[in-house]
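J.: Could you use the hints to bring the two separately framed chains together as a complex?
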Amino acid sequence: MNTDSVTNAIPSNVPAHLVQDFDLWAALTAQGENAYAWAAKLHESMPPIFWVPSLGFLPGTWIPRRSEELRRILQDPETFSSAGLTPYPMLLGESWRLAPLEVDPPDHAKYRALLNPLFTPKKVNALEEDIRQLATQLIDDIAQTGRCDFNEDFAKPFPTLIFLKLMSWPLEHRPLFQHWTQTLIKSSDPQVVTDNAREITGWIRARIAECRANPGDDFTSYLLASQIDGRPLTDDEMLGINFLIFIGGLDTVTSTIGLFFRHLARNPEQQAQLRADPSLISDAVEEMLRSYSIVNMRRTVARDVQIGEATMKKGDIVLISTELANLDPEVFDQPEKVDFLRSAGHAPHMAFSYGVHRCVGSHLARRELRIALELWLTKVPPFRIASGTTPRFNAFGIFGMEELHLEWDVEETK
Amino acid sequence: MKIIVDNKACAGHARCNEVAPGLYELDDNDYISTDGFDVEVGQQALARRGARACP
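Just so you know, the sequences run in chain order C and E.
Read left to right, the first sequence gives residues 5 to 418 (my numbering).
Read left to right, the second sequence gives residues 19 to 73 (my numbering).
Chain E extracted, bound-state conformation (with noise of 0.2 Å):
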């Protein structure tokens, strides 16, 4: 599984990493940092959990 993340949309909620905090990285904003990643086997659900939290 890949997360892609459109950085463009991003509004510095952090609600993302809120929920799953190793995998949606953060610049010094709190806005999301990266593009992309790909996820392991055993955290997907949790990936799940934290692109659906965004507003």
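Isolated chain C (complex conformation) (with noise of 0.2 Å):
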């Protein structure tokens, strides 16, 4: 891929004075802590649509910043197509698509309406006793020591085990699920993304295989059985929707979970908040998805449309930033600010983004997240940055911590 031609071409329809000579996603990235901070300066410092040459390997895009602009947009699939959003089958020169992700209506609700069933409310309040038991096991398991590598001791293991329990997968295939997912998404290299992704596709490719000659009860068998305009699924059908479960299902919860902990290790005082009132909780997890919304999407313009300064012309990629929404000013005040009493129940915020292609897993993900946090803040004592360690964080595709260690203070038992 020849990535100098395509990042440096500034298209004709934009102009001048719109261009911002950053890579938003490497500059996220060198800023670490101060990383939202940082992006929420941006809604003084840009205007409010403006176009960068490059993101990471991919190609410029048009960067809206406000809630309002990103929610329009974001209900406007005509305009704004999710054909060919994920570099994946591009990559592996395949011409499968991650359904429904990367269909537009009306197709996509014949796929969503697969997925629905199975994320719902009721299904997770039924899974609520195994999700607490799997955190428990691995909360347990560290908490003596003093000290954890927090990716690898409970961030990676805790969601990669519901979501193969979920799915019905074996569990035992854990370290290859973690490893897969890490480096399919966190990697700016993309000859290592397409190395993994021909791996997953492979590890799917023979799970379809193995559950078309014995159906069993997991989630592949379930999509083989399943039927789209009253025929079965095609084998790149199959392919596609198995592919994105992996994306959605793995990391999302990891690289957030990553950045809960580390705003509270650096936030003694609001540990403390949640430890002394755990009713705030749930309300904590919501301000944090706020601040710390890890996913950029991005959408193609499928026909010309002007908003504003920008004149977007089909062909054209816009990058839906989910934390550029939720720093907004114009939403929320002080948005750089985390307050677990700001919301009090439901702050209109933009993480599982918004419209047909709303994230499907979010009842599942706040169930986890809320558990996790409940069962650190009862069985692990006040926590911190590890001494010694220096958190790492990533702001490539999909945001998260790439190290964080933690320790406490662990009482003598006698």
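Keep in mind that the hints were calculated from the coordinates and are not lab data.
Backbone N, C-alpha and C define an ideal beta-carbon position, used for all residues, glycine too.
Among the hints, erroneous ones may be present.
[Said to hold, decoys possible] With the C-beta cut set under 10 Å, the calculated list includes, among others, these residues of chain C facing chain E: (1) ALA113; (2) ARG116; (3) LEU142; (4) ILE143.
[Stated by the list, open to error] Straight-line distance between alpha carbons at most 35 Å, and here's what the computed DSBU-like set of lysine-lysine pairs gives: (5) C:LYS317 with E:LYS26; (6) C:LYS383 with C:LYS127; (7) E:LYS20 with C:LYS190; (8) C:LYS169 with E:LYS26; (9) C:LYS45 with E:LYS26; (10) C:LYS45 with C:LYS169; (11) C:LYS190 with C:LYS114; (12) C:LYS45 with C:LYS318; (13) C:LYS318 with C:LYS190; (14) C:LYS318 with E:LYS20; (15) C:LYS126 with C:LYS341; (16) C:LYS341 with E:LYS26; (17) C:LYS169 with E:LYS20; (18) E:LYS20 with C:LYS114; (19) C:LYS126 with E:LYS20; (20) C:LYS190 with C:LYS126.
[Stated by the list, open to error] Here are the in silico distance ranges between beta carbons for each label pair: (21) C:VAL414 with E:GLU43: 16 to 26 Å; (22) C:TRP42 with E:GLN62: 35 to 45 Å; (23) C:MET94 with E:ILE22: 36 to 46 Å; (24) E:GLU43 with C:ASN38: 39 to 49 Å; (25) E:ASP45 with C:LYS45: 23 to 33 Å; (26) E:ASN47 with C:GLN137: 48 to 58 Å.
T.: Set out below in structure tokens:
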């Protein structure tokens, strides 16, 4: 892939004063612990919609920063298409799509209808005990050690185990899944991403073949028995849905929970606030989802459109930056401030996106986050960043903590 | 005040029910199961919040 020629070309419809010559993801990564406060300041320094010449290995893109505009874009899939928004099929030289994520209405609803029943609040309620038990096991293993590698010991295994349980896929494949999702989504090296995408599609294709021969009660067998427009799913549709589930189900909670726990480790008074009043945990989850949004999606302009000063041409790419939407001072006073009492229940944040593609797993994610906080604060004494370690933040694609080590004082048991 | 639901547009996000659980009733798949209802005085703010929560 010749990235240079792609990244440096500024289309003729982009006026010079809207071009901002920085890579948003690289800049956020460089800001480290200051990334979200820095992102909030972009609302003061940037035009409402600006254009950057590159994002990692992806080409130039429009970046709307205002919550209102991002919401309108997400609610207008006829103008802003989701087709081809991830690089994975293209990197492999294949033509399947991640359904329903990369499918526009009206077909979108047919795929979404297959997934919705698996992630309803009722289904999540039924999983509550499993989630609690898995979290308890992981926490009990480390509570007495006084120190942990938060990613390896909790943030990765916790959602991965729940995911494998929910899918009824083999639990012993957990290390494989953890490795794949981390490198697939977080790597800025297209070769690494391609190799991982190939391994994942290999695993999925083998799974499909296995389930076709011996149907079970797992997710893949469920899809094989499902129909769209009165016909079974094609191999490409099977692959696309299974691949999407990988991306959506695994890394997002890992990344989010890392940012939550870094915040609590750095802000002992807010940790104490939740320990003193656990009924605030649900509000804290919402406020930290708002303050530390991790997902950047993209849309492709399907027909010429004018938004404010931005003349967007068919084929242009638009970034959907949930962190910018959620740090918009027009919607949130002092957006850079994390205040658990801010929302009093239901803040209109966009961490799970908006419109038809809104996160199907949001009910599950919220539950996992709430239970993780509840159990940690019950079972582990006040924790802080481990001495001699530096948390490392990465903002490529899906934002999250690359490194996070925590420590706490363990009471001597006699 | 009366809430009118466009049932065909429901995508099963269940946000309305999460924000205003007593008002927006869902079916077994957590799609909206009512096409509308009258809102009692005192519950109007809650009903509005539930409607606004729809993606």
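J.: Does each hint fit the structure? Answer for all of them.
T.: Hint check results:
1. About 7 Å separates the beta-carbon of C:ALA113 from the nearest beta-carbon of chain E, less than 10 Å, and the hint is met.
2. The closest approach between the C-beta of C:ARG116 and any C-beta of chain E is roughly 7 Å, which is under the 10 Å cut-off, so the hint is satisfied.
3. A distance limit of 10 Å between C-beta atoms decides the matter here; for C:LEU142 the minimum to chain E is near 27 Å, and the interface restraint is violated.
4. Hint status for C:ILE143 relative to chain E: violated, with the closest Cβ pair at about 27 Å, above 10 Å.
5. For the hint pairing C:LYS317 with E:LYS26, the CA-to-CA distance comes to about 32 Å; that is within 35 Å, so the pair holds.
6. Restraint check: the Cα-Cα separation between C:LYS383 and C:LYS127 comes to about 27 Å, which is no more than 35 Å; the hinted pair holds.
7. Between E:LYS20 and C:LYS190 the CA atoms are separated by roughly 48 Å; this puts the pair beyond 35 Å, and the hint is violated.
8. At roughly 32 Å between alpha-carbon atoms, C:LYS169 and E:LYS26 fall within 35 Å of each other, so this suggested pair holds.
9. The hinted pair formed by C:LYS45 and E:LYS26 fails the criterion: a straight-line CA distance of about 41 Å is larger than 35 Å.
10. For the hint linking C:LYS45 to C:LYS169, the alpha-carbon distance of about 41 Å lies beyond 35 Å, and the restraint is violated.
11. The straight-line distance between the Cα atoms of C:LYS190 and C:LYS114 is roughly 30 Å, inside the 35 Å bound, and the hint therefore holds.
12. For the given pair, C:LYS45 sits about 30 Å from C:LYS318 by alpha-carbon distance, which is consistent with the 35 Å threshold.
13. A threshold of 35 Å between alpha carbons decides the hint, and for C:LYS318 with C:LYS190 the separation of about 29 Å falls inside it, so the pair holds.
14. For a cut-off of 35 Å, the pair hint linking C:LYS318 to E:LYS20 is broken: about 41 Å separates their Cα positions.
15. Between C:LYS126 and C:LYS341 the alpha-carbon distance is near 34 Å, which keeps this suggested pair within the 35 Å criterion.
16. As the CA atoms of C:LYS341 and E:LYS26 are separated by approximately 39 Å, the hinted pair breaks the 35 Å bound.
17. Distance restraint check for C:LYS169 and E:LYS20: the Cα-Cα separation of roughly 42 Å exceeds the 35 Å cut-off, and the hinted pair is therefore not satisfied.
18. Straight-line distance between C-alpha atoms of E:LYS20 and C:LYS114 comes to about 31 Å, which keeps the hinted pair within the 35 Å bound.
19. Annotation: proposed proximity of C:LYS126 to E:LYS20 holds, straight-line Cα distance about 27 Å (limit 35 Å).
20. Of the supplied pair hints, the one linking C:LYS190 and C:LYS126 holds, its CA atoms being roughly 32 Å apart against a limit of 35 Å.
21. Checked against the given bound of 16 to 26 Å, the beta carbons of C:VAL414 and E:GLU43, roughly 49 Å apart, lie outside it.
22. Between C:TRP42 and E:GLN62 the CB atoms are about 41 Å apart, so this pair conforms to the stated range of 35 to 45 Å.
23. Distance hint for C:MET94 and E:ILE22: a CB-CB separation of about 43 Å, consistent with the stated range 36 to 46 Å.
24. The given range of 39 to 49 Å is respected by E:GLU43 and C:ASN38, whose C-beta atoms sit roughly 46 Å from each other.
25. Between E:ASP45 and C:LYS45 the beta carbons are some 45 Å apart, a value that contradicts the proposed interval 23 to 33 Å.
26. Separation of E:ASN47 from C:GLN137 is about 27 Å and departs from the stated range, judged on CB atoms against 48 to 58 Å.
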